[in-house]
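These are the residues of each chain, in order.
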Amino acid sequence: MLKSSRTALIATSLAAVLLVSACGESNKEAKSSASPSASATASASASPGAAAFQAAVDAYRQYVIDQTDQFVKSTDAFVQAIRDGDIDKAKSLYAPSRMFYERIEPIAESLGDFDPWIDAREGDVPDAEWRGYHKLEKALWVDNKLDGQTSVADQLLQDVKQLRVKMESVEIDTPMLVTGAVELLNEVSSSKVTGEEERYSHTDLYDFAANVDGAKEIYNVLQSTVKEKNAELAAEIEARFADLDKTLEPYRKDGGYVLYTTLKEDEVKKLSQAIDALAEPLSQVGTVVEV
Amino acid sequence: MDREIEQPQNEGREPKRVSRRDVLKMGAVGGIGLLLGATGLKGLSLLDEPKPASAKPAPAAGTIPFYGAHQGGIVTPMQDYVCMGAFDFTTTSLETVRKLFKQWTDASARIAAGEGVADESGNALVPPADTGETIGLLPVRTTLTFGLGASFFDDRFGLAGKRPKALADIPAFKRDELVPEWSHGDVIVQVCANDPQVAFHAIRNLARIARGKAVLRWMQQGYQRSGLADPKGATPRNLLGFKDGTNNPAVGDADVAGEIVWAKGADGAPWMDGGSYMAVRRIRMRIEVWDRTTLGEQEATFGRHRDSGAPLGQAGEFDKADYAKTGKNGKPIIPADSHMALASMGGKVKIHRRGYSYSNGIDLRTGQLDAGLLFICFNRDPREQFIPMQEKLAASDRLNEYIQHVGSGIYAVLPGVREGGYIGDTLL
Ligand code: HEM
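Protein chains in written order, with this note's numbering: chain A, 30 to 320; chain B, 1457 to 1884.
Rather than coming from a laboratory, the hints here were simulated on the basis of the structure. In this text, all values refer to a predicted model and were calculated from it rather than measured experimentally. Virtual Cβ for every residue (Gly too), placed ideally from N, Cα, C.
Calculated pairs, DSSO-like style, for lysine-lysine (alpha carbon to alpha carbon, straight line, at most 27 Å): (1) A:102 <-> A:164; (2) A:258 <-> B:1669; (3) A:299 <-> B:1669; (4) B:1558 <-> A:258; (5) B:1669 <-> A:256.
Derived Cβ-Cβ restraints for the label pairs, each shown as a range: (6) B:1751 <-> A:287: 52 to 60 Å; (7) A:172 <-> B:1685: 57 to 65 Å; (8) B:1876 <-> A:274: 38 to 46 Å; (9) B:1826 <-> A:281: 35 to 43 Å; (10) A:268 <-> B:1685: 44 to 52 Å; (11) B:1555 <-> A:249: 25 to 33 Å; (12) B:1621 <-> A:281: 43 to 51 Å; (13) A:277 <-> B:1584: 24 to 32 Å; (14) A:261 <-> B:1715: 41 to 49 Å.
Here are some chain A residues pointing at chain B (derived, C-beta under 8 Å): (15) 269; (16) 302; (17) 312; (18) 315.
Using the sequences and the hints, build the whole thing.
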């Protein structure tokens, strides 16, 4: 059943891609024809469990699109500040505007080159090809000037808008959903916890929190199924999310987060262990999927 | 020499059944399994019956049952490798601790039998239950030994009243340079095996099972020469080049072990009956300094000859040390401040040593080797045994010039687990 719904999705998304490339940035038609409802009803008839999963996939898809919409808006404002040469404003918008992206990072990564365009850190790609948020981060925090950055900012906005278009055709299936939450936490433990993500601005905790938000959203759409099939697992996951939230709490400040460099070694260790503690039971969500 | 008499700590255990997997394992250990046929598992543990180690060392492969009156890894003849992990609880619920100990019990019994920690579901959407690095490997006399640190008896679990007096805080000794990150812990798990990957696998999987309940505080791997390099099973040498363990008490003898190693209920903590107390010291060696020390000074430091391991003034490793014998200059041949002279405590105080060498690459600040001894010892009451001994050594041991105590811990090693029971069930 999974397999057939997956093929159905591939078919619809292929159609969507074709449409998108045919009509450029206007995505209205793509939206209607890429609607996942056809495949949803097809697989819903297979089993009640499948219907629940399809509902979860649909809900999550809506979330992803919603976050991307907000990401376009927040990036627009950030880019405007760069164009205006307003360093302080750009600095203050930088970390919060990225959070929409960090919440849905694995999905964006599944869409080809968007991640390197938007989120590459220095050294991830050849210097000549380096663009996106972190390039502007360096200009803002290291160079402290924005000369020549307008074109980088314009390109970023264009990439983000393009991502929004591509999102219409994104293919999300059950396996992606059950592994996506863990992937988000893996993002945290491999680059945020080490302070490597925001090496100039030290705003890593924004990304950290956003990755966790994204994982939480995935769990939310699956929650009723997990609860029904394995209440103990559900309780454990929820307790760990709560623990993690408590561990993050002292670092919240003025609607944002303190700089990562203010954390002491043992505080970093606690955060890292709280991520591991959550990711382990979360990795068991697949046990409630009927394959 | 009787120092290493083999004895199973879990005698008379019948395996319930012999699986195809067990038969395969027996095939792989060679003729023994084939000869013993269907009762092979019991047959394998027969290899652990008392006999002098010098006659024939234990084969590298084999199983030491996890369940029994005492835990394994205490009087069990030493395996070649250790992986020791100290955990701190992140939970404050005693019920969660109990649950974790039950899960650890099941996993440990399976690891000791050479199996993965749980049956695999084959579900492609979840990670495998076991981490996999021991698939296809023989059981290699793996033992898992659990102990509780002093911090377990603080106010978190309401067990302060149950803390045995013998689980005394180790006093600060002279010259201690202890690093808290290398010391203590709520729970200690000593895994010994004749394969380093098998030992690591155990700690790794226990840590994984513990996620959200307990975290690793420190972990140290250790080794001694392998059975492959020393098929005769001679006394292993530590990293200072000296035979280490020669004059260990013969704990293969139940009376000796009863005297030196095993705690008794009547000692004060009924739940510790059949358990023991483990002192761990992470002792770094000043390798570079030692390496430029003359042979004469090296031998005077221990009070033994380097190559033969014989006490100074004697010819054979197991010859009795003569502390009264003097040389031409009228001084004792075995210096009074030598490690052996002090540690022998006039023959009145004994501990059972079971340490391993460690090497952790280099010290990045100095470029010197970061290596030493993961000193492990078992005793019935540290207040009467380990503590006074270390007090004496810390004060005047000639060896102190070449070592540095950087980690420390003392643990109440739980009694053995009966089948159907779980780690710590006499307390919890
Ligand atoms: C890096 C540190 C250490 C090294 C290299 C070391 C090495 C040795 C060596 C080579 C021997 C002689 C052979 C033998 O009987 O095993 C020995 C004996 C002994 N050591 Fe150590 N040792 C160290 C630390 C300790 C500590 C911390 C203790 C206890 C507090 C201890 C207690 C003993 C005892 C009881 C003996 C037997 C003495 C006797 O002959 O009665 N050792 N050690």
